[in-house]
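Novice: Take a look at the letters that make up each chain.
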Amino acid sequence: MAASVQLDHVTLKFKKFKALKDVSLTLEAGKIHGLIGRNGAGKTSLLSLIAAFREPTSGEVFVDGSPVFENPEKMEQVAFVYDKDYKEETEKAKKLIALASHYRPHFDMGYAEQLIERFKLPVNKPVNKLSKGMQSALNVVIGLASRAPITIFDEAYLGMDAPAREIFYKEILKDQEEHTRTFILSTHLVSEMDYLFDHVVIIDQGKLLLNEPYETVSSHGASITGSAEQVDVFTSGMKRLNEQQLGGTKSVMVYGVLDDAKRQEAHSMGLEIGPVSLQDLFIHLTEEAI
Amino acid sequence: MTSPRYRRVSAAVFSDMFKWSLWFFSILLVIHLVRVFWLNGDTNQIEGFFVFSQYSVNIFMLVVGIMTVYVFMGRHIQQGLSRRDSYAGTAMAAVGLSLFVTLVPLVINGIQHFLAGTMALPVTLDTASAFEETGGWISAAIALFLNVLTFYLAGWLISIGYYRFGWIAGFGFIALSFVVFGLNDYLWKPTTADAMEWLPYDPLEANFWLTALGSSFLVLILFFLMRLLTKRVTIKM
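Chains as they are written, first to last, in our numbering: chain D, 30 to 319; chain C, 3 to 239.
FYI, nobody ran anything at the bench for these hints, they're computed from the structure. Just so it is clear, the structure is predicted and the values come from calculations on it, not from any experiment. Fair warning: there could be bad hints in the mix.
[Unchecked claim] In silico DSSO-like cross-links for lysine-lysine, where the CA-CA straight-line distance does not exceed 27 Å: (1) D:Lys113 x D:Lys199; (2) C:Lys21 x D:Lys124; (3) C:Lys238 x D:Lys47; (4) D:Lys121 x C:Lys238.
From just these sequences and the hints, can you work out the full model?
Specialist: If you want it as C-alpha cells, here you go:
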C-alpha cells in the first residue's frame, strides 16, 4: 500500500524567516524518494508539513489528493521518523514499539522482532540509556514495521555505525519489494544512499531545485576525460562543475544533457565519457544557488 | 475491525495514568498506615483515608495534568493520530482516571470503617465525618470527582501554555490556573476562608447540587478551552 504526496505552493515562515518558499511538488506513490539539501535547506520543515506536525503559512499539503492536516485517515498513513531527543524518555524500547503497534493499523510485530534481532536492539533497556546508534535503530524498527503507506526517514541513521546503516538500507529495499510504499529518505550521506533512490528531490534555501527520476538526474552529468587540449575544446560552452589535471590528461565534470551527436563527437576526439555521482551534482547545484 | 482512534488513545493513556496512580496510592497508603500505627501521637482520633488523601489526590491529578502534553500529545501525532483524536482520547482517559482516584479513597475508607468495627486499632479513625459537610458519601464522591478533574484540567492547561507559548507566557497560564483554583475554592470551600471571600454568597452552604452544577460548568469550560488550545498546535520535534 502506498500513497502520493502533493505540495501546492507551500510557504512556511518562522517569524520573518522563510523556511520554505512557494514549493510545489508531487511525490509519486510507491517510489523511494531521496530528499537532499544542505543544512538548513528546509528538509525537516518540509517533512514536518507532510506529517502534519504543523500547518503551512500558505499553500496546502495533500496526501492522495486530500489535505493532510487534521485529516485522521490521511495522517494515519504517514509515519515520520526523525532524530528524536530521547534524553527524557524513560520507557523501555519495547514499550515504544508496542505503542506503535497499538496505533499503527499496518504494524507487523513479526517483522519488528526480526528487525530487533538484526539490529541487536536491547528492547528491555530504557530508551534514554540506549546509545545514539541504538536509539536510531529503534526509530528505524518502528518506522519500517509500521508499514505506513508514506514512511519518512529524516536522517534516521544518525549515530549508527556502517554495518547498521547497511542493514537499514537493505531492509528498505527488501521490504519495498514485498510491501511497496512511498518512502521519503532525507539524507546528507548522498554517496552512500543514492542507489536506493527511484526519485531525487533537491531543495536549497527553501526552494525546490529539482524533482526528477534518478536516471534522469544522473544522465545530466558527465565526466569528460582525455588530452587536456581536446577536453577544453569539447567542454567549452558547457557548464563545468569541476576539473582535475594530471600531466597532459584532464578530466572535466560537466552538467547538462549530452545528446548522441555530442557523444559521437567525443568519441571521434578520443575522449572518454563517464558518469557523475549524485553527490557531485548535489554539491554543484547547491553551490550555484548561493 | 479496529476500535475508533480516540478509543485507542484513551485506552493507552488511561493505562499509563492508571499505573502512575497505583504507585501514588501505594505510597500514600503506606504513609497513612505509618501514621495510624506508629505516628499517631497523642491524638484521640485521626482522619480516615478519604479525608487524609483528598489534598494529595488533588496534587497528584495536577501533576498528571501537567505531564499530559509532554508525555502524550507529541507521541500521538507522531503515531499518525489527529489532534482531535488525541484530545478526545486524553479527555476520556482523564475522566476515567478521576473516577478511579475518587473510588480508591472511598473503598479504602469503607474498609477502614469496617475494620474499625471488628478489630482494635491503636487510634480511633474518623471514617464518617468526611461525609458530613456534603451530606452522605455519594455527594462526597461527586465533590471529590469534580475537584480532582478540575485539578487535572488546570495542570493540562498549564502544560499546553508552556508547550505552545514558551515559558514567559507559561507563567500567564499558571496565573490562569490560580483563577481556576480560586473559583473551585469558592464553590467547594464551606467556610469563607477562601480567595473569593469578598463574594457574599457561599454556594456549598446554600445548595450542594447547585455547587456541583457550577463546578461541572467550570470543568466543561476548561475542556472547551483545552480543545481550542490543542486544535491546531504545532508539534515540537
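Novice: Against this structure, judge whether each hint is valid.
Specialist: Tested hints:
For the hint pairing Lys113 (chain D) with Lys199 (chain D), the CA-to-CA distance comes to about 23 Å; that is within 27 Å, so the pair holds. Restraint check for Lys21 (chain C) and Lys124 (chain D): the C-alpha separation of about 14 Å stays at or below 27 Å, so the hint holds. Taken as a hint, the Lys238 (chain C) and Lys47 (chain D) pair is honoured in the structure, with Cα atoms around 18 Å apart against an allowance of 27 Å. Proximity of Lys121 (chain D) to Lys238 (chain C) is assessed by CA-CA distance (about 22 Å); at most 27 Å being required, the pair is judged to hold.
Comparing the model with each numbered hint stated earlier shows that all of them hold.
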